[in-house]
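Participant: Listed here are the chains, written in short residue letters.
Number of protein chains: 2
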Amino acid sequence: MEGTTKKVLDIIKHHNSIVIFGHTLPDGDCYGSQIALREILSATFKDKKVYAVGSGLPLLFPRLGEMDIVNDETIKNSLAILVDVSDFPLVEDKRIALAQTYIKIDHHHESNPFIHEKIMDHGVIATAELIARIAFANSFVITKKAAEAIFLGIVTDSGRFVYEPTRKETFEIVARLFDYGLDMKAIYDTIYQTEENQLKYKGFLLSNYKKTRHKVIYCYANKNDYLPLRLKFAYASSQVNVLANIKGSPIFALFTQNENGGLRVELRSNGIPIRDIAVKHGGGGHANAAGVRMEKGGYKEAMAIVKDLDNLAKEKTYNVGK
Amino acid sequence: MEGTTKKVLDIIKHHNSIVIFGHTLPDGDCYGSQIALREILSATFKDKKVYAVGSGLPLLFPRLGEMDIVNDETIKNSLAILVDVSDFPLVEDKRIALAQTYIKIDHHHESNPFIHEKIMDHGVIATAELIARIAFANSFVITKKAAEAIFLGIVTDSGRFVYEPTRKETFEIVARLFDYGLDMKAIYDTIYQTEENQLKYKGFLLSNYKKTRHKVIYCYANKNDYLPLRLKFAYASSQVNVLANIKGSPIFALFTQNENGGLRVELRSNGIPIRDIAVKHGGGGHANAAGVRMEKGGYKEAMAIVKDLDNLAKEKTYNVGK
Chain G
628 MEGTTKKVLD
638 IIKHHNSIVI
648 FGHTLPDGDC
658 YGSQIALREI
668 LSATFKDKKV
678 YAVGSGLPLL
688 FPRLGEMDIV
698 NDETIKNSLA
708 ILVDVSDFPL
718 VEDKRIALAQ
728 TYIKIDHHHE
738 SNPFIHEKIM
748 DHGVIATAEL
758 IARIAFANSF
768 VITKKAAEAI
778 FLGIVTDSGR
788 FVYEPTRKET
798 FEIVARLFDY
808 GLDMKAIYDT
818 IYQTEENQLK
828 YKGFLLSNYK
838 KTRHKVIYCY
848 ANKNDYLPLR
858 LKFAYASSQV
868 NVLANIKGSP
878 IFALFTQNEN
888 GGLRVELRSN
898 GIPIRDIAVK
908 HGGGGHANAA
918 GVRMEKGGYK
928 EAMAIVKDLD
938 NLAKEKTYNV
948 GK
Chain W
628 MEGTTKKVLD
638 IIKHHNSIVI
648 FGHTLPDGDC
658 YGSQIALREI
668 LSATFKDKKV
678 YAVGSGLPLL
688 FPRLGEMDIV
698 NDETIKNSLA
708 ILVDVSDFPL
718 VEDKRIALAQ
728 TYIKIDHHHE
738 SNPFIHEKIM
748 DHGVIATAEL
758 IARIAFANSF
768 VITKKAAEAI
778 FLGIVTDSGR
788 FVYEPTRKET
798 FEIVARLFDY
808 GLDMKAIYDT
818 IYQTEENQLK
828 YKGFLLSNYK
838 KTRHKVIYCY
848 ANKNDYLPLR
858 LKFAYASSQV
868 NVLANIKGSP
878 IFALFTQNEN
888 GGLRVELRSN
898 GIPIRDIAVK
908 HGGGGHANAA
918 GVRMEKGGYK
928 EAMAIVKDLD
938 NLAKEKTYNV
948 GK
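From first to last, the protein sequence lines are chains G and W.
What the first sequence shows, in the working numbering, is residues 628 to 949, in sequence order.
What the second sequence shows, in the working numbering, is residues 628 to 949, in sequence order.
Please note that a few of the clues may not be correct.
Same chains, same names: a pair is fine if it fits in one copy or spans any two.
To be verified - List time: in silico DSSO-like cross-link candidates among lysine-lysine, alpha-carbon distance up to 27 Å:
no.: 1; residue 1: Lys-703; residue 2: Lys-923
no.: 2; residue 1: Lys-795; residue 2: Lys-859
no.: 3; residue 1: Lys-874; residue 2: Lys-859
no.: 4; residue 1: Lys-771; residue 2: Lys-827
no.: 5; residue 1: Lys-676; residue 2: Lys-745
Calculated directly from the structure, the hints in this document are not laboratory data.
Model, not experiment: these values are computed from the prediction.
Looking at chain G on its own, in the form it has when it is part of the complex (with noise of 0.2 Å):
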């Protein structure tokens, strides 16, 4: 990653003005990684202007900062960095066309190889460790803000220290973080506070969930389970990690039919490859996450693809010689 550092660095102290962009629907790891690279090279650069744009995660603002609004004049003239967004595309403020130079910090798989200068890392849990180990290894400012919003980079991206590949370096990086003054509870109460209708649908699919003979999870969530409660289909058809680790189940999906009688499937496993299932369906996606989206379907839909799931089960399981 040297060689690719230095070359970027080098790109970033030949600009005065920097424009920091993030991807659409802009979670911990997108808005830490904006915020606290702003924060860096502010700190680090004081000539420098740096502005983070998009919509940012508007509940941390109080402690992190808000968001910057900039005109397009000013993109035009300012170095464009994309952080946490593989490409062009998924960046939500659109207005990235203008720039004339832009670069990339990243911890996404390539869909598309982004021609450009950037700083890849996909075996990172988190944008936020990577422009953390920028700032350590070029002694930049880190602030205390910059420290709590790599903070909440990696402790959102890594589901807080467990999802893969949080690993040694993950943990060595939070340790130093406390240096700058990271306060740990501050991030934790702001983003563990859980909405009351959030904790009610969870209530519901644990109440609601069945089971296969072969011991799949799944659960149907209609709009009439959701809308009462004032969510989003977007939200509720995305809880499916609410099944998760079910002794004996490594299997468990969660099918949400929308207002206009489309159908959102997600199926997870722990270690039993499901994407084919959902390949056959329509959908794709990872060996152990994979999805279906369907422009009309619904519980008709949703049984054909249990039947699938429960008799891959019944074959994994005498596969282990049960």
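Keeping the supplied structure of chain G fixed, place chain W upon it in accordance with the hints.
Facilitator: Just chain W, lined up with the frame of chain G:
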């Protein structure tokens, strides 16, 4: 700590047989500390016999090792080390009384000053953290099992890096454990398997809790709510944290009636002291975590406490000038 550590280590060095004791109802930190210490002392001092007694944490036995069966004679002729337990009455294996010499390594506050040699620091999140520090400081041999047992202790007592005092040193120690072969995922996979009936009970709490006028969250669980799920009263009545972190509700409580008409009350808060209310109703505890056990009590008694909590919440709401 250095002076006391030296005295304790001298005592350990002078004994060729050592039995490590833990507390009743051993948790991850108790079992983890016992295993870690047994592993470290056995690997460092090849001529010593080191045993760990008690019921341990059976779900980890296949990975980290079982508990030892020792006879009374062995205990009489051994050094006894209490880990993660502050005083004799709390030790699980009552044969601790047979030992001639004993020392303690613990992070709990002492209710009754323990008169023998000890290594104590209630500023650490887990006893396992203390054991790691002793091993690092003295260049003791740390086996892979010891590293994983230390991780287990830290991760369980800290609620996975969230409870105070999780701090800089906690993260530094975890980072170092990777050098000894820590497989984080293997430990997570074992401890985060949830029993289905526990999940269903969680669903019950999330679907059936109530909120008072001033936003105190509470749930009343009757024996018919947990016995059909094959859950024990001890487990059912311990799940108050399912109701934690609800936005706008810093006070929450769980009331559980047992099979014999007794009542266990668990009160929690984020910042507002609730201990006085526990004391008023015959209980006690900490400022933000208190409880009451009633030999006889049910819904009526629970509602009297809810009323007091609601009045407290009302007062605090006015105080912050809402």
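Participant: Are the hints correct? Go through all of them and say.
Facilitator: Now the hints, each set against the structure:
Taking CA atoms no more than 27 Å apart as the test, Lys-703 paired with Lys-923 passes in neither setting, with 43 Å inside one copy and 74 Å between copies. In this assembly of identical chains, Lys-795 and Lys-859 lie within 27 Å of each other by CA distance neither inside one copy nor across copies; the values are 38 Å within and 39 Å between. In this assembly of identical chains, Lys-874 and Lys-859 lie within 27 Å of each other by CA distance solely across copies; the values are 18 Å between and 30 Å within a copy. Taking the closest pair of Cα atoms, Lys-771 and Lys-827 never come within 27 Å of each other, the shortest separation being 36 Å inside a single copy and 42 Å across copies.
Only within a single protomer do Lys-676 and Lys-745 lie at most 27 Å apart by alpha-carbon distance; the minimum there is 21 Å, versus 56 Å between protomers.
Checked against the numbered hints above, the structure violates hints 1, 2, 4; every other hint is satisfied.
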